[in-house]
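Keeping their order, the protein sequence lines are chains A and B.
Here our numbering is used: position 588 in the first sequence is 588, and no number is missing along the way.
Here our numbering is used: position 49 in the second sequence is 49, and no number is missing along the way.
Hint data in this document are derived by calculation from the structure and do not stem from the laboratory.
Incorrect hints may have been included.
No farther apart than 25 Å at their CA atoms in a straight line, the calculated lysine to any residue pairs in the SDA-like style are these [stated by the list, open to error]:
#, chain 1, residue 1, chain 2, residue 2
1, A, Lys24, B, Gln243
2, B, Lys241, A, Asp505
3, A, Lys774, A, Ile657
4, B, Lys194, A, Asp602
5, B, Lys166, A, Arg579
6, A, Lys640, B, Gln243
7, A, Lys678, A, Pro667
8, B, Lys194, A, Ile594
9, A, Lys557, A, Asp505
10, B, Lys166, A, Thr571
11, B, Lys194, A, Leu526
12, A, Lys774, A, Asp762
13, B, Lys166, A, Ala366
14, A, Lys678, A, Arg653
15, A, Lys640, B, Gly224
16, B, Lys194, A, Gln548
17, A, Lys2, A, Val158
18, B, Lys166, A, Lys678
19, B, Lys194, B, Thr15
20, B, Lys194, A, Ala366
21, B, Lys80, B, Thr97
22, B, Lys194, A, Glu613
23, A, Lys335, B, Pro152
24, B, Lys194, A, Pro573
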Amino acid sequence: MKTPIAWLRDYVDLPHDTQTIVEKLASLGFPVDAIEERPAISGVVVGRITAIEKHPNADRLQICTIDIGGEKPLTIATAATNVAVDQIIPVATIGAVLAGGMKIEPRAMRGVDSQGMLCSAGELGLEAEWFEDGIMQLDVGTRLGADVVSMFRLGDAVLDVDVTSNRVDAMCMLGLARELGAGFGVPVREPDTTVSYGGALIGGDLVQDGELVTDSFDSFDIKVKIESPDCSRFVVQRVSRVRVRTAKAWMRVRLALAGQRPIDNVVDISNFVMLETSQPLHFYDFEKLVDRTLVVRDARDGETMTTLDEADRVLSPAMLVIADGEGPQSIAGLKGGARSEVSAATREIAIEAANFSGPRIRRMSAALGLRTEASTRHEKSLARALTDIGAARAARLLEQEGAVVHMPRGIGAVVGEPPIIDVRKNQIARLLGFDLDNDAAIASLQALGFTATTMLTPELIAMLELEPDDIDEIASFEVQPPPWRSDVTTEIDVIEEIARIAGYDRIPTSIPAVRAQSIDSDAWRLQARVARAVAALGYHEVLTLALQPASIGDRWKASGVDVHSGVVEITNPLSEDQRYMRFSLVPGMLALPIDRMFEIGDIFAEYRGEHIELTTLVFMRRVATPRANAWSDDGFDALKGDALAFVRSVTGRAGDIVRATHAGWHPGICADITVEGKAVATIGALDPRLGAEFEVEDRVYVAQVMLDVLPAYVAPHYAPPSRYPGIVRDLAFIVGEHVAAAALEATVLGASPLVRSARSFDEYRSAAIGADKKSIAIRIGMGRNESTLTDADADAAIASTTILLQAEHGAIIRS
Amino acid sequence: MGLAEQLGALAGELTSALAGVGDMAALEDVRVAFLGRSGKITEVRRGIGKLPPDERASAGKTINDAIVALEDQLAQTQRKLARGALDAELATSIDVTLGATATRTGSLHPVRTTMEDMCAYFERHGFAVLVGPEIESERRAFDALNIPPDHPAREGFDSLYLGGGKLLRPHTSPMQIRAMESHAAPIAVVTPGKVYRRDAVDARHLYQFHQVEGLLVGPDIHFGHLKGMLTGMCRELFGAKQQVRFRPSYFPFTEPSAEIDTSCPACNGAGGECRTCGGSGWLEIGGSGMVHPNVLRNVGYDPDAVSGWAFGCGVERIAMVRYDISDIRSFIENSPSFLEQLA
C-alpha cells in the first residue's frame with residue numbers, strides 16, 4: 001500500500017529519518033517493499049496574487065504582483081493562463097529549487113524583471129495531470145509566506161507498505177499510524193468525527209406519500225432494507241447542501257501522494273476516508289435514487305446496470321447489489337453505478353458505509369475479474385464498527401466543505417462491545433520463552449488501543465500474601481481490543497500483540513532439548529542412499545517438470561507403446577502445457593542432452609478413480625554410435641553393469657538378470673534385476689518406437705526402480721578367499737543362439753564342488769560357428785579351502801563341467 | 001704364476017672392466033665374464049685340480065675369499081649405477097600445469113544437496129526427516145491447518161487442483177498434519193519435498209519447487225527455541241557469522257508468526273548496491289511461528305498441554321544464494337554446464 005509518511009504525520013509524531021520508520025514498520029510486521037524518495041524542493045512559499053497586468057512586450061505573459069507575507073510584494077511574470085487576483089498559489093522565490101532540479105534565478109522576461117516563479121503541481125513533484133492545468137491553487141486562508149514544502153511535508157518519502165491479509169484495519173493511514181504510535185511509544189491523534197446534525201431541522205420530507213417513513217429523526221427519508229445475510233450492517237447518512245468543486249489542496253496533495261487521483265471534493269472525501277480508516281464508502285446522488293430506497297440483495301438473473309467505469313454489466317444472483325426502486329445502483333463493495341453517480345450538479349448525497357461478507361466480495365471480484373481499492377479491503381472482512389466510524393468521518397469532512405449533515409442510520413447488526421479476552425499471564429512466558437512484567441504487558445496493549453486490566457492489584461497481592469510464583473500462576477489480564485481490531489478474539493491473538501510490540505528481538509534464543517520420538521527417517525535416507533549410489537556411477541542428477549502437456553501422452557500412445565492406466569489431470573491448469581501429471585520420468589529426460597543422468601521423482605497415474613503416486617528412480621545412458629550388430633549391445637551391457645553395481649550398493653546383495661518385457665523398453669533388450677527372486681529394477685534399451693516418436697537420435701538405455709520395492713539394505717557377509725592357490729580357466733562353448741549365458745553359468749556353478757565362480761564374458765558369432773549358433777566364453781574359477789588345487793584336479797572338474805554343459809545345453813567346447 | 005698372483009690380476013682386470021660399465025646390462029655381462037659358469041674365476045678354480053691334495057683346501061678358501069671380494073666390487077658398481085639411475089630420474093621435470101585429463105564423476109542436483117544440508121542440521125538435533133505424497137487432500141493441505149474454505153489465505157496459495165478434494169500440495173505442511181495425526185507428542189520432524197503452485201514461470205518463480213518445513217511439538221516448546229534452531233540453520237548454511245532476525249507476520253497456521261530474515265551472505269549485510277538482497281542487507285528465507293492452537297486441536301493435541309513451532313523455507317531460494325544463481329529456472333533447465341559446475 002502506497003503510504004506517504006507526510007500523511008502518517010497527521011496522526012502521530014514520527015522521527016525525521018525515513019529508515020528509522022521503515023525499520024520500525026518491519027519490526028511490527030509491516031515490511032516496506034519500496035521507498036519512493038520525493039524530489040528535493042526548497043524556497044517555495046505561499047503567496048496571494050494581489051494584481052495582474054498584461055506584459056507590455058509579450059501577449060502570452062502576465063505580470064503578477066504577489067504578496068508572500070513580507071514587506072515587499074514580488075513581481076513575477078507568468079505564462080500560465082489560470083491566474084486571477086486573490087488566488088493563493090505556491091511561489092518559487094529567488095534561489096528556490098523545484099522538482100527536476102530547476103533553480104530559480106532573477107531574470108528579465110522580455111524586459112520585466114521577474115522575481116521568482118508561480119508553481120504548478122508538477123513543479124512541486126506531484127502528478128501534473130492530476131491537478132490544475134497551470135498554477136496550483138492553494139486553500140484560501142493559508143498563511144502567506146508559509147513554506148509549501150514543510151506545510152505539505154513534500155520532502156517525506158512515500159513507502160510501499162506490505163500489510164498482511166489479517167490486518168485490513170491497518171490497510172490505511174490511521175491503522176499504520178496507530179502501529180507506529182505503539183511502536184515508538186507516542187500518542188496517536190484520532191481524526192475528528194464530530195458533526196452538528198442539521199438533518200432533523202432542514203431535512204424536510206418527514207412524510208413521504210402521506211406516511212412517516214421512519215420513527216427517528218435520522219437520515220429518515222432513505223428506506224434501507226437488507227435482504228442478504230452477506231451484508232451485516234449498512235450505515236446510511238444523508239448530506240444536504242453539497243457543493244461539488246475542487247477539493248482543498250491539503251486533501252488533494254495527500255491523495256496524490258498516496259497514488260489516488262483527486263477528482264472533486266465529494267469523490268475525494270470518499271477516497272480519503274477509505275485510505276484513512278480502511279472503510280470503503282459509496283456516495284449516491286440522493287435525488288437520483290428512485291423511491292429513495294436502497295435494498296441490499298442478490299442481483300436478479302439477467303439484471304443489467306452500467307457501472308462508473310461505463311461498463312454495461314449483466315448481473316447474476318452471484319452478485320450482491322444495492323438497488324433503488326428501479327434497479328441496482330452499485331455492485332456491493334466493488335463498483336458504483338452510473339445512474340446515481342455524484343456529478344457537478346449533485347446537491348444532496350446519501351453516504352453508504354456497509355459491511356459485507358469478505359468471502360462473498362472475493363468471489364464476486366474473481367467472477368467479474370474486477371478488483372478495486374474497496375474490494376481489496378472488503379474481501380478481507382472489515383470490522384463492523386468501521387461502518388459508523390467511516391460514515392462519521394465522511395460526514396465531518398463534508399461538513400467542512402459547507403454541507404449539512406443528517407444523523408446517520410445504522411441498519412442490520414448492531415456494533416457490540418468488542419469481546420473481553422481472558423489472558424493468562426503464565427502463557428506469555430510459556431509460549432514466547434521470555435517474561436514481561438504486568439505493567440509492560442498492559443502498556444504494550446494499551447498503546448494499540450486495547451484496554452487491559454488485571455484483577456491482581458498490588459493491594460490484592462498484599463492482602464492475599466501471594467508469593468511471586470503464585471502470582472505468575474494465577475495472574476491474568478482482562479483484555480478488550482479496540483473496535484476496529486476484529487482479528488483479535490482469543491488469548492493467543494493477544495499474546496502475539498504483546499510479543500509484537502515488545503519486539504521479537506527481545507526474545508532470547510535457545511536450543512531445545514528434543515525428546516526421543518517414534519517417527520523414523522527411512523524413506524528419506526533411502527532416497528539419499530539411492531542418489532549417492534547412482535551419482536557414484538558417473539550419472540548427473542537432473543530435475544524435470546512434473547506437469548506436462550497432453551502431447552506427451554499422445555505421442556507415447558501414438559508410438560504404439562502401451563499406457564496401462566489413466567493420466568492424472570489438473571482441473572485448473574495455468575496453461576495447457578501444464579495440464580497433466582507425468583506418468584513416467586522418461587519423456588522429460590529424453591529432452592536433455594546428457595549422456596548419463598538420473599532423476600528421483602514421483603510419477604502419477606489414475607487407476608479405478610484412485611490416484612497412484614510412486615517415487616521412482618530412472619537412470620539413463622545415451623549413446624551416439626549405432627550398435628555393432630543385431631545380437632549384441634554395448635550400451636545395454638554398460639547399463640547392466642551400472643544397474644548391478646547400483647543394486648549391490650543399495651541392497652547389499654547381488655542382483656540376478658532375468659530376461660523380461662515391459663512397456664517402454666525394447667522387447668528384445670529388456671531385463672529385470674532380481675534380488676532373491678524379486679524384481680527390483682527394470683533395465684533395457686528404450687523402445688525404438690518411443691525414440692522415433694520423441695525424435696531422439698541417440699540410442700537410449702533406461703533403468704527404472706520403484707523405491708518402494710527396493711529391499712532394505714543388508715550388510716553383506718564376508719567370505720574369505722581360500723588360503724591355497726586356485727586355478728582359473730577360460731573356456732568357450734558353442735551353443736544354440738537362444739541359450740542364455742546365465743543358464744550356462746548356472747550349470748557350471750553346479751557341475752563340481754571345486755567350481756567357485758563362473759562368469760560369461762564374451763559372445764562371438766561367425767559363419768564358421770554356424771548360422772543359429774553362438775560362442776560363449778566363460779571364466780571358471782576353481783579352488784579348494786583345505787589344499788592347493790592341482791592341474792589334474794582342475795582337468796577333472798572341467799571335464800565333468802563340459803559333459804554337463806553338453807547334456808543340459810548341447811554345448812560343444814570350442815577348440 | 002701363483003694362485004695369489006692370478007687372483008690379484010683378476011681383481012685388477014675386474015676393476016678396469018667395471019670402469020667401462022655404464023648400465024645394468026653391461027654390469028651383468030661383466031659378472032658373467034668373471035663369475036659366470038664359464039667365467040674367468042672358473043678357469044682359476046680348475047687350477048686347483050693340478051695342486052697337491054694338501055694344498056687344495058687352502059687354495060679353495062683363497063679362491064672363495066677372492067670371489068667374495070669380486071662380488072663386493074660388482075655390488076659397489078651396481079649400487080653406483082642404481083644411484084645414478086635415481087639421480088637421472090630425479091633430474092627430470094614435466095610441465096605440471098598442462099591441462100588435466102578430465103575425470104568423469106556423477107553429481108547430485110544442488111536442490112538435493114541444499115535440502116540434505118538443511119535436513120542434516122535438524123537430524124543432528126534429534127529431528128526425524130519425513131517425506132510423503134505430493135497429491136494431498138484439501139483437508140490436510142488447508143482445513144487442518146486452520147485455513148477453512150472461505151479463508152482469504154486459501155486463495156493465496158494458488159493451488160493446482162485435481163478434483164474430488166485433492167490437490168497438488170502447495171506446501172509440505174500436510175506432512176506435519178500426517179505426522180501429528182499418526183503420532184502422539186513430542187514430535188520433531190523436518191519435511192523436505194516438492195510443492196506446486198499455480199504460478200507463471202519467470203526468473204524468480206517456478207510452479208514446481210521444493211520446501212523444507214520443520215515442526216517441533218512438546219510440553220515446553222517456545223518461540224525462543226524457534227529462534228535458536230533457525231539461527232543455527234542459517235549459520236550452518238551460510239556461515240558462523242550470519243545474523244538472523246524475526247519479523248512479525250501472518251500465517252493462519254501459526255501465531256505468533258514470523259518471517260525469518262538472514263543477513264545477506266553476498267554483501268555480509270552491508271546492503272548498498274548488492275544485487276542479491278536488493279540493498280536491504282537482509283534476505284527473507286522463510287516463514288515460521290508458534291503452531292496455532294486450532295491446528296493442535298485439529299490433530300487431537302491439547303494446546304494447554306503441548307506447544308510447538310513450525311517453519312518453512314523455499315529450497316531453491318536458499319540454493320540461489322548459496323551458489324550465486326540469479327535465475328531460478330536454472331534448476332530445471334539441467335544444462336550440462338550447470339550440473340557439472342555444481343557437482
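Against the structure, the hints come out as follows:
Taking the CA atoms of Lys24(A) and Gln243(B), the gap is near 18 Å; set against the 25 Å cutoff, the hint holds. Of the pairs offered as hints, the one joining Lys241(B) and Asp505(A) holds, with about 17 Å between alpha carbons and a cut-off of 25 Å not exceeded. With a C-alpha separation of about 20 Å, the suggested pairing of Lys774(A) with Ile657(A) holds against the 25 Å cut-off. A threshold of 25 Å between alpha carbons decides the hint, and for Lys194(B) with Asp602(A) the separation of about 9 Å falls inside it, so the pair holds.
Only pairs whose Cα atoms come within 25 Å are accepted, and Lys166(B) paired with Arg579(A) is accepted, the gap being roughly 15 Å. Simply put, Lys640(A) and Gln243(B) have alpha-carbon atoms about 50 Å apart, too far for the 25 Å limit, and the pair is violated. In summary, the hint linking Lys678(A) to Pro667(A) is supported, as the alpha carbons are separated by about 20 Å, within the 25 Å threshold. As the CA atoms of Lys194(B) and Ile594(A) are separated by approximately 23 Å, the hinted pair is consistent with the 25 Å bound.
This hinted pair does not check out: Lys557(A) and Asp505(A) have alpha carbons roughly 60 Å apart, beyond 25 Å. For the hint pairing Lys166(B) with Thr571(A), the CA-to-CA distance comes to about 10 Å; that is within 25 Å, so the pair holds. Simply put, Lys194(B) and Leu526(A) have alpha-carbon atoms about 17 Å apart, close enough for the 25 Å limit, and the pair holds. Between Lys774(A) and Asp762(A) the CA atoms are separated by roughly 10 Å; this keeps the pair inside 25 Å, and the hint holds.
Only pairs whose Cα atoms come within 25 Å are accepted, and Lys166(B) paired with Ala366(A) is accepted, the gap being roughly 22 Å. Restraint check for Lys678(A) and Arg653(A): satisfied, since their Cα atoms lie roughly 12 Å apart, inside the 25 Å limit. Under the criterion of a C-alpha separation no larger than 25 Å, the hint pairing Lys640(A) with Gly224(B) is inconsistent with the structure, at around 53 Å. Proximity of Lys194(B) to Gln548(A) is assessed by CA-CA distance (about 16 Å); at most 25 Å being required, the pair is judged to hold.
In summary, the hint linking Lys2(A) to Val158(A) is supported, as the alpha carbons are separated by about 7 Å, within the 25 Å threshold. Taken as a hint, the Lys166(B) and Lys678(A) pair is broken in the structure, with Cα atoms around 33 Å apart against an allowance of 25 Å. Distance check on the hinted pair: Lys194(B) and Thr15(B) sit about 83 Å apart at the alpha-carbon level, beyond 25 Å; violated. Straight-line distance between C-alpha atoms of Lys194(B) and Ala366(A) comes to about 28 Å, which puts the hinted pair past the 25 Å bound.
Of the pairs offered as hints, the one joining Lys80(B) and Thr97(B) is violated, with about 34 Å between alpha carbons and a cut-off of 25 Å exceeded. With a C-alpha separation of about 13 Å, the suggested pair Lys194(B) and Glu613(A) falls inside the 25 Å cut-off, and the hint holds. Only pairs whose Cα atoms come within 25 Å are accepted, and Lys335(A) paired with Pro152(B) is accepted, the gap being roughly 21 Å. Restraint check: the Cα-Cα separation between Lys194(B) and Pro573(A) comes to about 18 Å, which is no more than 25 Å; the hinted pair holds.
Checked against the numbered hints listed earlier, the structure breaks hints 6, 9, 15, 18, 19, 20, 21; every other hint is satisfied.
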